[in-house]
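*Asks:* Sequence:
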Amino acid sequence: MDDGRDVLNDLIEVATQAANPQIEGLTGRLADAMRTAATHAQGADAGLYLKSAELLKKNRYPFYYVVASRLAAALEAEVAARPAEDSLPALPPDVEIDKKLCLAKASQAVEREHAERLGALNLRLGVLLGEEGFPTVRNPFRPQVFLTVLHDAWREFQPDAAAHHLLFPLLGPRLCLDMAPILHALNTALAKRGVPLHAPAAPVAVPVPAPAASMASAAVDNDPVLQQLRRLFPQPEEPKGDRPLSGDFPSLFQDDVLQQARARHDLLQLLSRMQDRLASLLPADIRRAVPEADLAPADDAAIGLVARIFAIIRSNPHLPEALKDPILSLHLPVLKAVLGDHAFFFSESHPVRRSIELLVRLALGWDRRMGETDPLYPLFMRSVARIVDEADRHVGVFAEVNAELDAYNKREQTATEQALATPIARALKQERKLQAQRAARHEVALRIGTGEVAAFVETFLEDKWVSVLTLAYVARDEKPHAVDSALRTMDELVWSVKPKITAEERKELLSRLPPMIAMLNKWLDMIKWTDEGRVQFFTELARCHASLVRAPLEVSPQRQVELAIAAAQQAAERRELRRASQQPVPEPDACDETVARLQSGAWLCFREEGRDMVRLKLAWVSPMRNLFLFSTRDRKEAKSLEAEQLAQALREQRAQVVPAAGLVGHAIADALGGSANEGGLAAA
865 MDDGRDVLND LIEVATQAAN PQIEGLTGRL ADAMRTAATH AQGADAGLYL KSAELLKKNR
925 YPFYYVVASR LAAALEAEVA ARPAEDSLPA LPPDVEIDKK LCLAKASQAV EREHAERLGA
985 LNLRLGVLLG EEGFPTVRNP FRPQVFLTVL HDAWREFQPD AAAHHLLFPL LGPRLCLDMA
1045 PILHALNTAL AKRGVPLHAP AAPVAVPVPA PAASMASAAV DNDPVLQQLR RLFPQPEEPK
1105 GDRPLSGDFP SLFQDDVLQQ ARARHDLLQL LSRMQDRLAS LLPADIRRAV PEADLAPADD
1165 AAIGLVARIF AIIRSNPHLP EALKDPILSL HLPVLKAVLG DHAFFFSESH PVRRSIELLV
1225 RLALGWDRRM GETDPLYPLF MRSVARIVDE ADRHVGVFAE VNAELDAYNK REQTATEQAL
1285 ATPIARALKQ ERKLQAQRAA RHEVALRIGT GEVAAFVETF LEDKWVSVLT LAYVARDEKP
1345 HAVDSALRTM DELVWSVKPK ITAEERKELL SRLPPMIAML NKWLDMIKWT DEGRVQFFTE
1405 LARCHASLVR APLEVSPQRQ VELAIAAAQQ AAERRELRRA SQQPVPEPDA CDETVARLQS
1465 GAWLCFREEG RDMVRLKLAW VSPMRNLFLF STRDRKEAKS LEAEQLAQAL REQRAQVVPA
1525 AGLVGHAIAD ALGGSANEGG LAAA
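If you read the sequence shown in this note's numbering, its first letter stands for residue 865, the second for the next number, and so on.
Hints listed in this document are in silico derivations from the structure and should not be mistaken for laboratory results.
Don't take every hint at face value.
Below are the DMTMM-like pairs computed for lysine to aspartate or glutamate, each with C-alpha atoms no more than 20 Å apart in a straight line [stated by the list, open to error]:
#  : residue 1 : residue 2
1  : Lys921    : Glu1316
2  : Lys1274   : Asp1231
3  : Lys1328   : Glu1396
4  : Lys1364   : Glu1316
5  : Lys963    : Asp909
6  : Lys1362   : Glu1322
7  : Lys1343   : Asp1389
8  : Lys1362   : Asp1395
9  : Lys963    : Glu1020
10 : Lys1200   : Asp1253
11 : Lys1392   : Glu1316
12 : Lys915    : Asp1024
13 : Lys1188   : Asp1253
14 : Lys1200   : Asp1231
15 : Lys1386   : Glu1396
16 : Lys1297   : Asp1024
17 : Lys1386   : Glu1356
18 : Lys1297   : Glu1356
Distance ranges between label pairs, derived from CB positions [stated by the list, open to error]:
#  : residue 1 : residue 2 : range
19 : Ala1460   : Glu1516   : 29 to 35 Å
20 : Pro1088   : Lys1343   : 55 to 61 Å
21 : Gln1463   : Glu1516   : 18 to 24 Å
22 : Pro956    : Glu1372   : 26 to 32 Å
23 : Ala908    : Arg1376   : 21 to 27 Å
24 : Pro1379   : Ala1410   : 16 to 22 Å
25 : Arg1275   : Arg899    : 40 to 46 Å
26 : Gln1294   : Ala1454   : 22 to 28 Å
Ideal placement from N, C-alpha and C gives every residue a C-beta, glycine not left out.
With the hints as constraints, model all of the structure from the sequences given.
*Replies:* Shown next as structure tokens:
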């Protein structure tokens, strides 16, 4: 079993991948719930609910970004058993008490609705961490964490502090991320790693995966591949209750079971005699050597599936031939091990299955130019030789080889990150700037989305103030008040160009203009905007302020209504023009999904203009998965790409993922898909 803390860190990605696709739909439901709440709210809350619903409706992606980033950070904090970092100001004491009570009540309701799945997850986490009676309150993936994330994300997303209390009373089982697929994915991931619902009675020296039947029952019931595997490799039912030593014997001693055991023994003996020729034989050749009546259906299926796995390895164009043949020599020891343990087909963490995956990935990283001097080469050859020599008498050799390969991979990853410390630091800085730009665009969009801001100010905010805010967000750690200053200056500017009907408003405008102009100039100096456009902007701004101050004060009520209607109509027209000019956000395609699944250690081929394909290793992925850093085998920086750039390279076939991770699973799915269409595994 993997180290418990490492597994918990892996489960963070499992949980976020199950949760993040739900955020957009939840955003729409939250907006609808707020519109409904507005009809029952009293006083100012009614208007706040309506404005909040409109805010969510128009800004689904920014809200998605805030929820997703906060969820990842909260789960990391829970797994590390440390308080989540939070820069949000405290709510008033009475509101804080109401929030805690509401979230506790909502959490309990969600826990009751998903009690079975949550209980199973608690049991598995207890086994994983070696703790009996693992409570929900210590479960890093408990519903309360997800509900709290939604509340905190709303407070970060909503600029109006007066509306921060609106969300938590609405949360509950019907207005939350659906915990069923999240808990199911977590349970499935643990089951695939061999983490049972109950601790074993006694420790064992070598990790042994759960039986095939328990593996399959813990996986997705509707998975057609797993359904076929269950039919191919059924688990005999154990006898219920105590059975006497005479009379009805357990199924272990039934004639058909004994006959199958004898047939498997004969088959294994035959395979040993065929060892030298096995790599070139087809599954049908193996079957013809054994009378059809003596070959159990499960063994027949196992032979075909293992043969398909090695056929895919044989035809893989990315594997170097010098290392492909040694991998193919494992056909016999793998087949023998699989014939005695069909859990191989159900568990990704099965030692035999992991050996194949690890050796294939190791072979892909071999530097042909270094040849046998590459430190990877002797490790690879030694691992293959150990399995070939020892597997017959010591099946635990697979787990021992895996431990050695895992240790090597960890050393390589550490060395790579150290060697690429400078480009990684540069990439982190770049991602920080990307995050700052997103936050800046979001803040500007909130101000101009209504269409009520003067057109020339809208243009200024989009063209120049986004750069100002980006600079402020980047400097937030060193200068924590910079963001507040930039936001306040923007709000002052937006207010200053709105109509001023009364003498008091105009007097206030005149008193606030000098400091506002000074702050505008200060920030614009920081982004080094010094061309003629800056002069033109301030000229137009002065003209606008003058017209506001000089407008007639005596305006009849009818004229006020007419002006308000005209302003609203102009705002609506600007909103429509803005909506029409905006490019629709494209739906994620297969290339985006491929990029989202990439993990450090994956290999990709890149085609550069006028050059041959270059194979690079994904050395590092930024925390927000915005940036991907690739390196050559000698750990020199080769390429840094943003997520969209990488997806576009895949679309244009300038990049190609080298199949490695999940090779065994893909081969099994391919073989079973063929059996469904072609009537069996005979052609495997």
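*Asks:* Now look at each hint and say whether the structure bears it out.
*Replies:* Now the hints, each set against the structure:
1. Lys921 / Glu1316: holds (18 Å)
2. Lys1274 / Asp1231: holds (18 Å)
3. Lys1328 / Glu1396: holds (14 Å)
4. Lys1364 / Glu1316: Answer holds: Lys1364 to Glu1316 is near 14 Å, not above 20 Å.
5. Lys963 / Asp909: holds (16 Å)
6. Lys1362 / Glu1322: Distance ~13 Å between Lys1362 and Glu1322 Cα, so the pair holds.
7. Lys1343 / Asp1389: holds (17 Å)
8. Lys1362 / Asp1395: violated (27 Å)
9. Lys963 / Glu1020: holds (16 Å)
10. Lys1200 / Asp1253: The hint holds at about 13 Å.
11. Lys1392 / Glu1316: violated (28 Å)
12. Lys915 / Asp1024: With Cα atoms ~10 Å apart, Lys915 and Asp1024 stay inside 20 Å; holds.
13. Lys1188 / Asp1253: The given pair, whose Cα atoms are some 18 Å apart, holds under the 20 Å limit.
14. Lys1200 / Asp1231: violated (32 Å)
15. Lys1386 / Glu1396: With a Cα-Cα distance of about 17 Å, the restraint between Lys1386 and Glu1396 holds, given a limit of 20 Å.
16. Lys1297 / Asp1024: violated (25 Å)
17. Lys1386 / Glu1356: holds (14 Å)
18. Lys1297 / Glu1356: violated (25 Å)
19. Ala1460 / Glu1516: 29 to 35 Å: Cβ of Ala1460 to Cβ of Glu1516: about 18 Å, so the range 29 to 35 Å is violated.
20. Pro1088 / Lys1343: 55 to 61 Å: Taking Cβ atoms as reference, Pro1088 and Lys1343 lie about 57 Å apart, which means the hint holds.
21. Gln1463 / Glu1516: 18 to 24 Å: For Gln1463 and Glu1516 the Cβ distance comes to about 23 Å; the hint holds.
22. Pro956 / Glu1372: 26 to 32 Å: holds (28 Å)
23. Ala908 / Arg1376: 21 to 27 Å: Check passed, 25 Å falls within 21 to 27 Å.
24. Pro1379 / Ala1410: 16 to 22 Å: Given range 16 to 22 Å: holds, Cβ gap about 18 Å.
25. Arg1275 / Arg899: 40 to 46 Å: violated (56 Å)
26. Gln1294 / Ala1454: 22 to 28 Å: Hint holds: Cβ distance 26 Å, inside 22 to 28 Å.
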